[in-house]
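K.L.:
Here's the letter readout for the chains.
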Amino acid sequence: MATSSQHKSLSHEIKSVRRAAYFFLAPALIPIFVFFFVPALAAFVLSFTDFDIYSLSNIAYARFVGVRNYLQLLKDPLFWKAMTNTLYYVLVGGPLSIAASLGTALLVNSKLIRFQGLLRTIYFAPVVTTLVAVAVVWRFMYHPRFGLLNYALGFLGIAPIDWLGDPAWAMPAIILMSIWKNFGYNMIIFVAGLQSIPAQLYEAARIDGANFWEQFKSITLPMLAPTTVFVSIIAMIGNFQLFTEPYVMTQGGPVNSTLSIVLLMYQQGFRWWNLGYSAAIAFVLFGFILLGSLLQAKLQKRGEG
Amino acid sequence: MIQRLGKFLIATLAIIIAVVTLAPALWMLSASFMSAGEASTFPPKLLPSRMTFEHYFTLFTRLQLSRYLVNSLVLSVSVTAISLFFNSMAGYAFAKYRFAGRDRLFRFLVAEMVIPAQVTTLPLFLMLNKVGLINTYAGVIVAGMATIYGIFLVRQYALSIPDSFIEAARMDGASDFRIYWRVILPLCKPILITLAIFTFMGTWNDFLWPLIVMTDDSMYTLPVALANLTGEHVQDTELMMAGAVITILPVMIIFIALQKYYISGIMAAGLKE
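Going line by line, the protein sequences match chains A and B. For the first sequence, the numbering used here begins at 13 and goes up steadily by one. For the second sequence, the numbering used here begins at 1010 and goes up steadily by one.
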């Protein structure tokens, strides 16, 4: 009898724990389900339809068209242009930005320097600024005649560059600005990584007579490898989502030299209302991000093993 | 001698980088006080010949910047308050309640984090359009009411709270919600402050989603209004700089006041991996 009543109270307790857990989870999980999970699934379905401006008034006008949107993407020169530009941004901008982060992390972590806290704050400040406002400011910094950048370069004997007007320079200009905007973030993560390297390693190396460069090559770099992998992949995922910079600074021009995948998605979806086609672009973006995340998971597992 | 030279070189390099980092922001501030046309001269002027507040005045009178400032504030404060409340409850439940399927559910949520927000924008727009939430505060808020990342951060932090604290409160007859409110929330304060800063700044600086949801001029947030103004006032450099100052100033103040929490939050996020 006793065991049965114990059993009863135990199952009662499990029920009440479950009820309390659901009470705490529901307010967060319901919105995530309705406003994130369902739309993500719906976007997948949408990408197989010809949903357009007519379907907006009456959904009955939308039809399933199979993989037609994806096939059309492959034939769309604008899509390939956006792909190439985005890859340019990811493959050139990403490594440069990480190099800047690592360099400044070494600098603010160096024992040879004073005011480390102040320097760290200054280097980090661009990270918290509003991207739209920054893009507005840099548009004027890049002005070929009145901009501060060309003026400064003039002192080095460099002729004025039409940063945002020349198709060859527009993407480098966007990369330069985003390095300025973002390097502080990864700098902080690198500083955390540097501080976790045991000081004894450096002491031992100094006793062996290793100079700064040798210490950097044989201790700092290998010890920072996991951090670097982490930071690179997070940066890559973020960089694939390039949108605000070209939207504000160049509208994707000149001659589509800064058109990115997300900008193309936005234009197709919210300017021309080709929502089916736009959803297909969104899923190509998702594919790349998924690939990056899987790569990260794999590299991390290898790092642990 | 060599060490002193190295010290000098490193300090010089650090200062040069600091100047380059500050230059765009300082120039923005300076140009916002120049009289119209003064920023478009050659050679570029670094300081205004005469300080003027006329652009700030124009922004707040003729261009209704206060309207956009209010929109940005209302949205950032509501999203931060609501999501902090919901995320902390869910994070606590995932950390401290044992129920069937908990770990599976949590792993599923974390896996969902790879879906970029841009993917959801098109159907979400259609949904909100259907129920009449386009052009409303609610339209922006619903998308940020709870985040998987926020739940994740709170859960990781709450895991370190000893069960004995919760048991002791339960012995005293405290209800589940009371335990959460009176015991868990105060103990989670550092992570909640970090999360609040992340959320506030993220919402304030966000561009794509308010750009899509707010189709009417009067509902624009500051970044959307600023992007729109640059199209119309491309020649009014000084005016645009004043607009950029107003947009950046609130987040800058929060950052400088609370940077300890902000930076330790990023360090924690980076180290965990």
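Simulated from the structure, these hints should not be mistaken for laboratory data. Warning: the hint list may mix true and false statements.
[Stated by the list, open to error] Mimicking EDC-like on lysine to aspartate or glutamate, the simulated pairs with C-alpha atoms at most 16 Å apart in a straight line are:
{"id": "1", "chain 1": "A", "residue 1": "Lys-27", "chain 2": "B", "residue 2": "Asp-1172"}
{"id": "2", "chain 1": "B", "residue 1": "Lys-1105", "chain 2": "A", "residue 2": "Glu-215"}
{"id": "3", "chain 1": "B", "residue 1": "Lys-1105", "chain 2": "B", "residue 2": "Asp-1172"}
{"id": "4", "chain 1": "B", "residue 1": "Lys-1105", "chain 2": "B", "residue 2": "Glu-1176"}
{"id": "5", "chain 1": "B", "residue 1": "Lys-1105", "chain 2": "B", "residue 2": "Asp-1185"}
{"id": "6", "chain 1": "A", "residue 1": "Lys-123", "chain 2": "A", "residue 2": "Glu-215"}
K.L.:
It remains to establish, for every hint, whether it holds in the given structure.
P.N.:
Here's how the hints hold up against the structure:
1. Lys-27/A <-> Asp-1172/B: Violated, because 19 Å separates the two Cα atoms, which is more than 16 Å.
2. Lys-1105/B <-> Glu-215/A: violated, 43 Å
3. Lys-1105/B <-> Asp-1172/B: Holds - the C-alpha atoms of Asp-1172/B and Lys-1105/B are around 8 Å apart, at most 16 Å.
4. Lys-1105/B <-> Glu-1176/B: holds, 11 Å
5. Lys-1105/B <-> Asp-1185/B: Since the Cα atoms of Lys-1105/B and Asp-1185/B sit roughly 11 Å apart, the hinted pair holds (cutoff 16 Å).
6. Lys-123/A <-> Glu-215/A: Within the cut-off at roughly 14 Å; holds.
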